[in-house]
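Trainee: Here is how the chains run, residue by residue.
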Amino acid sequence: GAGVSQTPSNKVTEKGKYVELRCDPISGHTALYWYRQSLGQGPEFLIYFQGTGAADDSGLPNDRFFAVRPEGSVSTLKIQRTERGDSAVYLCASSQGAPPDTQYFGPGTRLTVL
Amino acid sequence: AQSVTQLDSQVPVFEEAPVELRCNYSSSVSVYLFWYVQYPNQGLQLLLKYLSGSTLVKGINGFEAEFNKSQTSFHLRKPSVHISDTAEYFCAVSRNTGGFKTIFGAGTRLFVKA
Chain R
103 GAGVSQTPSN KVTEKGKYVE LRCDPISGHT ALYWYRQSLG QGPEFLIYFQ
153 GTGAADDSGL PNDRFFAVRP EGSVSTLKIQ RTERGDSAVY LCASSQGAPP
203 DTQYFGPGTR LTVL
Chain X
611 AQSVTQLDSQ VPVFEEAPVE LRCNYSSSVS VYLFWYVQYP NQGLQLLLKY
661 LSGSTLVKGI NGFEAEFNKS QTSFHLRKPS VHISDTAEYF CAVSRNTGGF
711 KTIFGAGTRL FVKA
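These protein sequences, in sequence, are chains R and X. Heads up: the first sequence is residues 103 to 216, going by the working numbering. Heads up: the second sequence is residues 611 to 724, going by the working numbering.
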């Protein structure tokens, strides 16, 4: 079956611009996670959705970052006024429920802020 | 809060030799523990997880890990590695009640040499 997909696979933008990153979870998975992975580091938790609501957004670094999941399936991570430090691979994962349900990861979106 | 320390950033090993990748965690509450693998140019996938019960957990591809509560460790082992095991391995933890956040270690790069 189809896994988690993320678009675009690569995004290059200029400092100060707005970007949107999309995640399509596995069909039927109610839980969705966003992570950020910098070079040489493990994934860093950003936000967790259960259905349409953000059950835990404690990992969002500041108010420039926002994520939505309006219909409980596709999610969009939005970053305003991008900074060079936002450059990283943004990972999405979905699962049937909260931990310890297995998370299935997408291939990631590599964001480069020039 | 939880944290994860992977004690080795890189582990080179010859094919068919045994390997141990070390992971220590810190938490004031009971946790679930996970090992994920990231093969070159692929997304993260779950190797194994500890939820409760037997402290020895077996996973895919011949890997196993042992939960040691007194030493707060969850080391990953394989008795005989293959070239195809070359990958990045991540240890992760999440609290087992009321938690959604999964905390990952920085990763250990396993390099299997012929």
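No lab work stands behind these hints, which were simulated from the structure alone. It is possible that part of the hints are untrue.
Computed list of lysine to aspartate or glutamate pairs in EDC-like fashion (alpha-carbon distance at most 16 Å, straight line) [what the hints assert, rightly or not]: (1) X:Lys711 / R:Glu146; (2) X:Lys711 / R:Asp188; (3) X:Lys711 / X:Glu674; (4) X:Lys659 / R:Glu185; (5) R:Lys180 / R:Glu122; (6) R:Lys113 / R:Asp203; (7) R:Lys119 / R:Asp165; (8) X:Lys711 / R:Glu185; (9) X:Lys659 / X:Glu674; (10) R:Lys119 / R:Asp203; (11) R:Lys119 / R:Glu185; (12) X:Lys723 / X:Glu626; (13) R:Lys117 / R:Asp188; (14) R:Lys113 / R:Asp165; (15) X:Lys711 / R:Glu122.
Trainee: Would you mind marking each hint as holding or not holding in the structure?
Mentor: Now for the hints, and whether the structure bears them out:
1. Restraint check for lysine 711 (chain X) and glutamate 146 (chain R): the C-alpha separation of about 10 Å stays at or below 16 Å, so the hint holds.
2. A threshold of 16 Å between alpha carbons decides the hint, and for lysine 711 (chain X) with aspartate 188 (chain R) the separation of about 21 Å lies outside it, so the pair is violated.
3. Taken as a hint, the lysine 711 (chain X) and glutamate 674 (chain X) pair is broken in the structure, with Cα atoms around 24 Å apart against an allowance of 16 Å.
4. At roughly 36 Å between alpha-carbon atoms, lysine 659 (chain X) and glutamate 185 (chain R) are farther apart than 16 Å, so this suggested pair is violated.
5. Distance hint between lysine 180 (chain R) and glutamate 122 (chain R) is fulfilled; the C-alpha atoms sit about 5 Å from each other, no more than 16 Å.
6. Proposed proximity of lysine 113 (chain R) and aspartate 203 (chain R) is contradicted: the alpha carbons are some 30 Å apart, above 16 Å.
7. A threshold of 16 Å between alpha carbons decides the hint, and for lysine 119 (chain R) with aspartate 165 (chain R) the separation of about 15 Å falls inside it, so the pair holds.
8. Straight-line distance between C-alpha atoms of lysine 711 (chain X) and glutamate 185 (chain R) comes to about 25 Å, which puts the hinted pair past the 16 Å bound.
9. A C-alpha spacing of about 10 Å is found between lysine 659 (chain X) and glutamate 674 (chain X), which places the hinted pair at or below 16 Å, so the restraint holds.
10. In summary, the hint linking lysine 119 (chain R) to aspartate 203 (chain R) is not supported, as the alpha carbons are separated by about 36 Å, beyond the 16 Å threshold.
11. Restraint check: the Cα-Cα separation between lysine 119 (chain R) and glutamate 185 (chain R) comes to about 8 Å, which is no more than 16 Å; the hinted pair holds.
12. Using a Cα cut-off of 16 Å, the hinted pair lysine 723 (chain X) and glutamate 626 (chain X) holds, with the two alpha carbons roughly 9 Å apart.
13. Restraint check: the Cα-Cα separation between lysine 117 (chain R) and aspartate 188 (chain R) comes to about 9 Å, which is no more than 16 Å; the hinted pair holds.
14. As the CA atoms of lysine 113 (chain R) and aspartate 165 (chain R) are separated by approximately 21 Å, the hinted pair breaks the 16 Å bound.
15. Taking the CA atoms of lysine 711 (chain X) and glutamate 122 (chain R), the gap is near 23 Å; set against the 16 Å cutoff, the hint is violated.
Figure legend: structure checked against the earlier numbered hints; hints not met, in rising order: 2, 3, 4, 6, 8, 10, 14 and 15.
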